[in-house]
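Chain E: place on chain D using the hints.
These protein sequence lines map, in sequence, to chains D and E.
Read left to right, the first sequence gives residues 1 to 382 (the UniProt record's numbering).
Read left to right, the second sequence gives residues 1 to 388 (the UniProt record's numbering).
What the hints contain is simulated information worked out from the structure, not anything from laboratory work.
All figures in this text were calculated on a predicted structure; none of them were measured in a lab.
Please note that the accuracy of each hint is not assured.
[To be verified] Computed spacing ranges between beta-carbons, pair by pair: (1) D:226 <-> E:101: 52 to 58 Å; (2) D:180 <-> E:13: 51 to 57 Å; (3) E:133 <-> D:372: 30 to 36 Å; (4) D:366 <-> E:174: 50 to 56 Å; (5) D:26 <-> E:174: 57 to 63 Å; (6) E:133 <-> D:298: 17 to 23 Å; (7) D:298 <-> E:363: 57 to 63 Å; (8) D:180 <-> E:15: 18 to 24 Å; (9) E:103 <-> D:209: 30 to 36 Å; (10) D:209 <-> E:196: 39 to 45 Å; (11) D:369 <-> E:107: 33 to 39 Å; (12) E:8 <-> D:372: 49 to 55 Å; (13) E:307 <-> D:14: 52 to 58 Å; (14) D:369 <-> E:101: 30 to 36 Å.
We treat Cβ as the ideally placed atom computed from N, Cα and C, and that holds for glycine.
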Amino acid sequence: MDNIAGTKSSLTWATHLSVLVLVLLWLIPTIGLFVSSFRDRDQISASGWWEAPFPVELTARGRTATEATLEGDVYVVTGNIYDDPEAQSYFPGGGGEVVAFGTSGREPGAFPAGEPVEIGDGETLVVNADGTYEWRTTEEPDRGQRVYFAAESPPDFTLDNYEQVLTADNMTQAFVNTFIVTVPATIIPILIAAFAAYALAWMDFPGRGVLIALVVGLLVVPLQLALVPMLNLHNKIGIGQSFMGIWFAHTAFGMPLAVYLLRNYMVGLPRDIIESAKVDGATDFELFVRIILPLSLPALAAFSIFQFLWTWNDLLVAKVFLPSDDASKVMTVKIADDLLGSRGGDWGILATAAFVSIAVPLVVFFTMQRFLVRGLLAGSVK
Amino acid sequence: MADLKLTDVEKAYGSVQVLSDINLDIKQGELIVFVGPSGCGKSTLLRMIAGLERITGGELQIDGQVVNNVPPAQRGIAMVFQSYALYPHMTVRDNMAFALKIAKKSKDEIDAAISKAAKILQLEPYLDRLPKALSGGQRQRVAIGRSIVRDPKVYLFDEPLSNLDAALRVATRIEIAQLKENMPNSTMIYVTHDQVEAMTLASRIVVLAGGGIAQVGTPLQLYQKPENEFVAQFIGSPAMNLLEGKITGTGDRTTVEVKGGGTAVSDYPSTDADMGAEVKVGVRPEDFVTAEGDQYIFEGKVDIIEALGEVTLLYFETGDADLEDLEKGDAAVIAKLAGIHKDLRGNQVKLGADPSKVHVFKDGISLLYREGGLARTATMKDFNVSKH
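Looking at chain E on its own, in the form it has when it is part of the complex:
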């Protein structure tokens, strides 16, 4: 039950810098989710907090105490591994008792802690079984139970659901959410590459990319006000459309002339200095609506239609995009319209969007974040990693 503070934390393997400039303030009771593409260092960061990887620069504080060189066991953390990491030769009970026995707790204390954890996780019938006699979901619950009994200051979850099948993943996700609700004071850090997990569980999400933090915020902040192109495209599915354009109107609202004909109006403010600047206009597929007349952002021929019933996905031909780009999800413009629109295939369609939902990125950074101290130095070059 504690605060966590990371100041300028860095990690390097020899001369290879994998993480740098990590600054984070985690308050007691928060569930922080580290999310990012493969290889962005999110697991490494978690392991540094756990004490399993050495911190090569900066400072990590737990409860106001610098713990850079404190061994894992004395940091007051508990970790749930992706692979469960149960002790295969011990029963469920012994697995959960292991840490407490090491800590030389009395037998009564151990029994009490185990029965409490078993009750929360509904593991009571399985206490005397070996891990091999449990299903994947049960094993993961034992792994979680093993951390609960220790009553740690901080819980660390390293992709705990990625070994489960889809149905079990949803069920276990909900269990973790309930667990968090039952323990409102515990601090949890959760690593995942699954944005649904991130969006549903997190009180705040930390998006990691290219060795640094791309944005920190609540799930909806990240969705509604992405700070840069990377976050904009990483959060949300299908990814946000980015259209090249040039600023033609500045002020409280920004007007952008989109390459290819349309005009976008955004609620994002801009300065006179931005006039004529090359920018990118970002619109989420689900924010597109069909438009008439001159007021449109994008016009194109519908190439492919995916009718899912509640929504219809329209894939537009774009002049310079070939099939390969389309497969990668890049370059193609996608619109997600409510309802069924099967008849649009092959038609020329105009799309518009509400100005409050039009994002403008200059040099990869959202115009919104340049003002009021929100500015960051990072540019898209720093996030030069492929989308997940």
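Bound conformation, chain D alone:
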């Protein structure tokens, strides 16, 4: 009686384990990006995101003061390196313990803190852990001594990255532009593809098989192939680089997958329902609108999620088919050109931009996923 159908398999734990592993695999980089988006760029380059709650050792530089007291024939300059505005700028959250110091940018942490060192010309320098320093020199100082030092910086979480990304020039415009591109580029292909899929699934006409094969064939054609010819065509017929142009481009590029996906779903709908509607007098159009479309919601939702994400994240097609002026930049282009282009290697901005642009797709996914239901056909046929 152990093996009767419906009892739990003893391998359930394996399923659960692999699901957990997959979830972690997917989640870890995301969490990393998320944590990084709240960190300062210096902290990001100093330590990994998983060390974010701990202090980071940062190297900074400053300059000593010049007010010296004369002790014998030696001028002594004392003070705290953290009083220097340049040094302060490295530690917006307040400086921590100084670990080491040095006098050259090449070796910023050459000497341990608290230990007086000869720095040439009979000068000595010591920087203590709390930041106080003593600089002894035989000449009256007219310029402060350059001090490099490594200090612990306390963990510092900031919204500055978000402020920077969101308030960048024309960011709102870029956000709106992305919507202007994405929404029609999702709806138009679905509308066209749904009609085509119905015809390919349920209407008898010569050449249907060839058309289906053609659609499947087009699935494997890389879109880069069509970029230039299509742009040429757009220019010739007067659309040029414009929002309408990018709608057409996205529609064309999304169409094979849309038709294929929807046709395969529709062809699986029970034949009896369709014939019943035909006997009831429905024309193909009525049948499509009143029976097929409502029953194809899961497939429509699935494809619209795909198409939305793909157009939302798209950079290539936007670069090619949209004008490059500021007013028609979409978010991806804006982030790539304006934010990263001028700040290469700014991981904080990159992570933040990723999270800003992920927000809308997440909302879309969670609102659409309730349409991805099973059992839509329950009760119709046995």
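For chain E alone, coordinates are given in the frame of chain D:
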């Protein structure tokens, strides 16, 4: 509410002929049952009448009008599918209203039609439910309701009960019979492979086999006067026994010497030309009675007994039949005797039958149907399909 006329209707898929020579006259108010083994084309024929399959030859008339190329919706038919085919995203009410809305009927008309149908089918409490919240029987009633509201000329039922469990099947069968009684003028065509459904519901049965019509007649005609071996064996359970023999006496009555010793006398007439012809004698198991003396049709040793109380089934050993034939129900001779006869097992038993209940088939065709224009050209070869 109309007559239906099929003339030489044919159906072919490419070069494969699945139906041919279908000639049928269906009168208004009849309930015609298409019955036959799996794959005999009965559902195809129904779908051709519905307009869901193209008619590749011949002519279909509804109400005197040729409708070969008329789309389903304009033929004035309504169809109940085996799988119910309800629209899963619509309530029962919307399911029934669908056809009427398509036909752009007024709201009052639709409401009236629905409440009338719901009343007949006792669906009133369920009108606002979705199909998934209904039981199988209720779903089938909704499917029937969907056709009733359209008030069609012809109702088509495609094995409507085969998805229901046994108890529900009987109940729904009776409901359909009542429905027919309430609508005496409506024409119905009903496809089934279940001969009980066929026998109980039909005003006439059309037995389809091997791509053609094997016989058309009332249920009792088919039972009492089967036209050929196929119908003889298809109608009735257990199937009719067929015994090989040779005609030894002709005239108003026919005498056949049965292979293996017995002699059968049938009320079927024969001509002198039939003398000596190889024929088959058909006797239904329930028509056998025990016999004494020389007047017997079959003699054999009782192999197995199935005592059902009201009747007892005797399975006889036949010389050349092995177990496999027995399982198929072929070749074994079966008798169904009233009452309890448990003591007969292993005994040698002689069986006879009333001459009016002895059928004689020559070349697969009953002797009765050769005379008076009843003759048909079909031979058993045409019905070379396994019994259901």
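Taking each numbered hint in turn, which are not upheld by the structure, reported in ascending numerical order? 1, 3 and 8
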